[in-house]
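For this one, chain H is given, so just place chain P on it according to the hints.
The listed protein sequences derive, respectively, from chains H and P. So for the first sequence, our numbering puts the first residue at 1; every next one is plus one. So for the second sequence, our numbering puts the first residue at 1; every next one is plus one.
Please keep in mind that the hints were generated in silico from the structure rather than gathered at the bench. Given the structure is predicted, the values throughout are model-derived calculations rather than measurements. No false leads were slipped in.
Identical copies look the same in the list; a pair holds intra-copy or inter-copy alike.
List of simulated lysine-lysine pairs, BS3-like, C-alpha gap at most 30 Å:
{"id": "1", "residue 1": "K112", "residue 2": "K52"}
{"id": "2", "residue 1": "K69", "residue 2": "K155"}
{"id": "3", "residue 1": "K52", "residue 2": "K21"}
{"id": "4", "residue 1": "K52", "residue 2": "K69"}
{"id": "5", "residue 1": "K112", "residue 2": "K21"}
{"id": "6", "residue 1": "K69", "residue 2": "K21"}
There are 2 protein chains.
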Amino acid sequence: MPAAIDIKLASATRDTAQKIKWLVTPTSDAWITQALANLDTVLLDHSHCERKAAGVALSLMSRYPSNEKLVRELTAIAREELEHFDQVNRILEQRGVALAPLPAPPYGGGLKAVVRRNEPDRMLDLLLVSGLIEARSHERLGLLAEHLPDRELAKFYRSLMASEARHYGTYWVLATTYFARDVVDARLAELAIAESELLTTLHPEPRIHS
Amino acid sequence: MPAAIDIKLASATRDTAQKIKWLVTPTSDAWITQALANLDTVLLDHSHCERKAAGVALSLMSRYPSNEKLVRELTAIAREELEHFDQVNRILEQRGVALAPLPAPPYGGGLKAVVRRNEPDRMLDLLLVSGLIEARSHERLGLLAEHLPDRELAKFYRSLMASEARHYGTYWVLATTYFARDVVDARLAELAIAESELLTTLHPEPRIHS
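Isolated chain H, as found in the complex:
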C-alpha cells in the first residue's frame, strides 16, 4: 500500500474505515444519518450494488479472457456477489420492500470517467477503480453493521465483511500481478483521491455510494 494513502483516521466511530487503507477520506456522519433514516432505500440500493459488482467482474473477465489468474479470482468474486445479491433480496422480501429500479448516484459514472482509454492503462485503472468501489462498499457496509439498531440486520452486514474485504484485496493482487508495484502505487494514489472527491458532497438521494 502506498504510504500517502495509509492514513490513520481520527473519528472514534470509524473503526472499520481505519482498516481500509485505500480510502483517502472516511465516510461522513451525514451519510450514516441519511442511510439509517432511509434504510429500505439503502437496502434496495445495496441489492443493485451486488448485482452490478458481479457484472463488473464478468465484464473484466470478458475483456481480458487470456489472463488466467484474473479469470479465476474474478469468477470467485462474481459468485460471492451473486450470493450476497440473493441474500439482500431475501431480506428485502422479508421487509416487504418490492424490488424496483433505482437511479444510480454520480459515484459510479464519475469513477468510470477517470478510467484511461488505452491499454494497458485501461486494465490497471479498471482493476483499481473496481477495488476502490469494493473498499468503499466494505467501509459503508461496516458502518451499517456498527450503527444499525436492528440486531439481525447488523449481524447480516457483519457476515458480509470478510468476503467484501477479500474483494478489494483481490483487485490489488491482480493489479500487482500484471503491473509493476510502483506503477500501481502511483496510480492508486491518484484514483483514491478522485474516489474520495466524488463523495465530498453527500448525494441527496440515499444510496450506498451517496
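Then chain P, alone, in the frame of chain H:
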C-alpha cells in the same frame, strides 16, 4: 409446449435431442465429428459460453429489476453458470489449454437480430431466445457426453446435464409467468424455427454453436 415443435426425432444417436422439445432440428452428425476432432477448441468455446450465459442472466435481471420471480430464478442460473465456467476452466488447465479469446460463431448474433425492439415483445423474445440457447447447449453437451471417448470428460458433461435442462425450463416458466400461454407458444414456434435455421450450415470453426 406447442405441438408444432414437439417433434419426434428419428436418429438413433439422438437420445438427448429427442427429449429437447424446443429444438425443431436435431444437431447433425457433422457437428459431432467436427467437435470430437477439435475437442480443445470446443472446450475453450464451452468456457466462453458459460461466462456469456451468466452475463445474459445478469443483463436480464438488470433490464427487468422489478420482476421478483425473474430476478430470483436468474440469480440461481447465473450462479450455476459461473460454477460450470470455473469447472470447465479447471479442465482446460488440466489439459494444458491456455485461456484465450475465441471469435464467436454467427449463432448468437443471428438470434439477437430476431429479438423485437419494443417492450413487452422484447422481454418475451429475450426469455425465449435465452431458453433456446440453453436448450441447444443442453443437446450439444449431451452429445459430447454420449460420444466422448475420454470417460472422465464424458462424466463431467453428464454431470452438467441436469442443471442445463433446468435452465431452459426456467426460461419457459418465466415466459409463461409474464405472458399468456398462447402468445408464448406462438412466438416460441417462430423463434425455434429461426434457431434451427441458423445452424443449417455447419460453421467452419468448431464451436458449441457451430
